[in-house]
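Participant: Residues per chain are reported as follows:
Protein chains: 2
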Amino acid sequence: MTTSDFPAERELVIDRYVDAPRDLVWRCWTDPELLVKWFTPAPWKTRSASMDVRAGGSSMVVMESPEGELFPNPGIYLEVVEGEKLVFTDAYTEAWAPSEKPFMTGILTFADEGKGTRYRAVVRHWSVEDSKRHEEMGFHDGWGKATDQLEETAKSLAADA
Amino acid sequence: MTTSDFPAERELVIDRYVDAPRDLVWRCWTDPELLVKWFTPAPWKTRSASMDVRAGGSSMVVMESPEGELFPNPGIYLEVVEGEKLVFTDAYTEAWAPSEKPFMTGILTFADEGKGTRYRAVVRHWSVEDSKRHEEMGFHDGWGKATDQLEETAKSLAADA
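From first to last, the protein sequence lines are chains A and B. Position 135 of the first sequence, counting from 1, maps to 135 under the working numbering, and the rest follow consecutively. Position 152 of the second sequence, counting from 1, maps to 152 under the working numbering, and the rest follow consecutively.
Since the hints were made in silico from the structure, they are not lab data. A few of these clues could be false.
Stated by the list, open to error - Calculated Cβ distances over 12 Å to all of chain A for the following chain B residues:
{"no.": "1", "residue": "I14"}
{"no.": "2", "residue": "R22"}
{"no.": "3", "residue": "V36"}
{"no.": "4", "residue": "A49"}
{"no.": "5", "residue": "V61"}
{"no.": "6", "residue": "P66"}
{"no.": "7", "residue": "E82"}
{"no.": "8", "residue": "G83"}
{"no.": "9", "residue": "W96"}
{"no.": "10", "residue": "K115"}
{"no.": "11", "residue": "R118"}
{"no.": "12", "residue": "G138"}
{"no.": "13", "residue": "F139"}
{"no.": "14", "residue": "D141"}
{"no.": "15", "residue": "W143"}
{"no.": "16", "residue": "D148"}
As the list claims (entries may be wrong) - Cross-link-like lysine-lysine pairs, in silico, DSSO-like; alpha carbons within 27 Å at most:
{"no.": "17", "chain 1": "A", "residue 1": "K101", "chain 2": "B", "residue 2": "K85"}
{"no.": "18", "chain 1": "A", "residue 1": "K101", "chain 2": "B", "residue 2": "K132"}
{"no.": "19", "chain 1": "A", "residue 1": "K101", "chain 2": "B", "residue 2": "K101"}
{"no.": "20", "chain 1": "A", "residue 1": "K85", "chain 2": "B", "residue 2": "K101"}
{"no.": "21", "chain 1": "A", "residue 1": "K45", "chain 2": "A", "residue 2": "K155"}
Here the structure is a predicted model, which is why all the values come from computation and not from measurement. No residue lacks a Cβ here, since even glycine has one placed at the ideal position from N, Cα and C.
Required output: the full structure, derived from the provided sequences and hints.
Facilitator: So this is what it looks like as structure tokens:
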């Protein structure tokens, strides 16, 4: 299914050029020590992350509000194509335990573009209401800021190399 | 996660000895020409089945009521361990398109037992309400009858061999 076949009103998309090589952008998404540096838009923070990056593997990312409140986000990976594609969802907390509220499925693709990366995040929902709510929660701003932080983190790795 | 860790009130289970070899019981679940023979408890029928049996592959089973009304059931496979384990859900219509209503996830396991098969179907739901509704729709009777039909079909294959 191409993106255009899926109902647009249940989908949110970020499509960006990221000024860092594809393998480093991929590492930022799949190495928990890197993910905590960029995943949550400031002033929120990512308190911890553990990730078993394989189809059926679990992930747990704990976000922290400016007031210090913790928000655990359990999920699993549905598809992992090394360096190219990463699909995850909160519909399961592990393989195969349905969560209490399936909210979203993220489909990330990474492609070479010049010296950098074409980074595309397609976020799909089970209902139009959830998609709308996600947008109103500040999806574009939040994922936009997070992607800035992702780019910065990936660039710092390139500088270290 | 073992079954006992998952909330029992969101889970329905069929655990049966099936008097046919494991590879034949597996074939009945994974060959569309066989599945149509047993999948839907009489007097309902299975009108057609198409199945791409691999993780991320789609399936479409069309059931037919005694009045001739057709009920298409799209879903996907989440995990396939040849001859041993089959996991599927209606939460996606294909990889990775969330359906309009995620209702259930089926986790089937097949194990040798004597000359037959220990067949276990664990069906999990996202909500207690859905699990209850599924039970009230006649889950145990329906899956029980379907399992009788499955056994009969698998046995007929053994007789042919």
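Participant: Going through the numbered hints above, which ones does this structure break? Give me the numbers in ascending order.
Facilitator: Those not satisfied come down to hint 9.
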